[in-house]
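J.: Residue numbers (my numbering), protein chains in the order written: chain R, 1397 to 1587; chain X, 1397 to 1587.
If you are wondering where the hints come from, they were derived from the structure by calculation, not from laboratory data.
Check before you lean on any hint, since a few could be wrong.
What the hints assert, rightly or not - In silico contact screen, one side only, chain R against chain X (beta carbon under 8 angstroms); selected entries:
1. Arg-1429
2. Met-1432
3. Ile-1481
4. Val-1501
5. Pro-1507
Every residue, glycine too, gets a C-beta built ideally from N, C-alpha and C.
Below, each chain spelled out in residue letters.
There are 2 protein chains.
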Amino acid sequence: MHELRERIAREGRNLGRGILKVDSFINHQVDARLMMSVGRELGRRFAHAGASKVLTAEISGIAPALTTALALNVPVIYARKTKPITMPENAYREKAPSHTKGCFVELLVSPEVLRPDDQVLIIDDFLATGQTISALARLVKRSGATLVGIGAVIEKTFEGGRALLVSQFEVPVEALVSISDMSNGRIVFGE
Amino acid sequence: MHELRERIAREGRNLGRGILKVDSFINHQVDARLMMSVGRELGRRFAHAGASKVLTAEISGIAPALTTALALNVPVIYARKTKPITMPENAYREKAPSHTKGCFVELLVSPEVLRPDDQVLIIDDFLATGQTISALARLVKRSGATLVGIGAVIEKTFEGGRALLVSQFEVPVEALVSISDMSNGRIVFGE
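Given the sequences, and given the hints that come with them, work out the whole structure.
T.: Below, the structure is given as structure tokens:
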């Protein structure tokens, strides 16, 4: 996606240790129009996957997952990191290590919304180590639903997440923009 | 909004203590198409407010704020509850009591995205006691920006938030659906 890549090149900042600051258009302030384009393109790539639901993790996955769900005309579920009082006790739970927070985060989904007959497309803002997406995919398996694809807005290919996901789950993995190197303050685009 | 009201009547559940469970279409699973209608209607009501940014609080405000921002063709900012490593140290901070969690939550916005020349429309999923929205409005004041309006998807009129906001900030307050009574397990719609 040329528009997204240009925006990262112009506004993205390499904060070191693989941290890409894109909070002026992706994950604090969100460019709503760009996010619609992101959703349309992810929707186009998974148009034939037969998804009945889009699944993401709160917080920063919500915007691209919502616009992808719109493009596919299906509902979107965001996994919660803390159990709201409205969520039943029998929620599905999986843990994922957070390398930015240095701890484990739990992801919870209610069985009321994720059902065995669902065909689930996972969407997140970043594909890096793949740990969060792997936890989402395990939630899908746990519910008895079928995982049909994994999509990310930005992939950091040097963190190896795609290989992990492909080895664990046999589904197509798509990313709109790939970054292949962030060493020495650079932001190098792949492909 | 007839469609939203019908959906609340059909799927909403009164869990007691003023807690309305709408997590099958608003705030866990999100009906993407309905959320677009919500954004279009909020956008229509504030079409002449001159907003340059929409501001909300993570997590459940993100979906309606994003679709409202789309309708108004402006960016959306979601205030964070914990400081991400990408946020500068001089972030604006305000505290709000959370009556569902029984503690205070902090809301943070980066001065990089909220600027003195911004005209800000606040959007959230619920208007109840008004405490979260009041904290967002104080963030706007703190940044030097101008608050131009406050919109909510669902208002619980019996919790008095609107009166608090109108007394503190002199801006229009709009809600798409009003609930006037949740005593004795009921869900009574206002107006």
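J.: Taking the closest Cβ pair, is Arg-1429/R under 8 angstroms from chain X?
T.: holds, 7 angstroms
J.: Does Val-1501/R meet its interface restraint, that is, does its C-beta lie within less than 8 angstroms of any C-beta in chain X?
T.: violated, 11 angstroms
J.: Take the shortest C-beta to C-beta distance between Ile-1481/R and chain X; is it under 8 angstroms?
T.: holds, 6 angstroms
J.: Going by Cβ atoms only, is Pro-1507/R closer than 8 angstroms to chain X?
T.: Nearest chain X Cβ about 11 angstroms off; hint violated.
J.: Would the hint on Met-1432/R stand, with a C-beta cut-off of 8 angstroms toward chain X?
T.: holds, 6 angstroms
The structure does not agree with the numbered hints 4, 5 stated previously, though it agrees with the rest.
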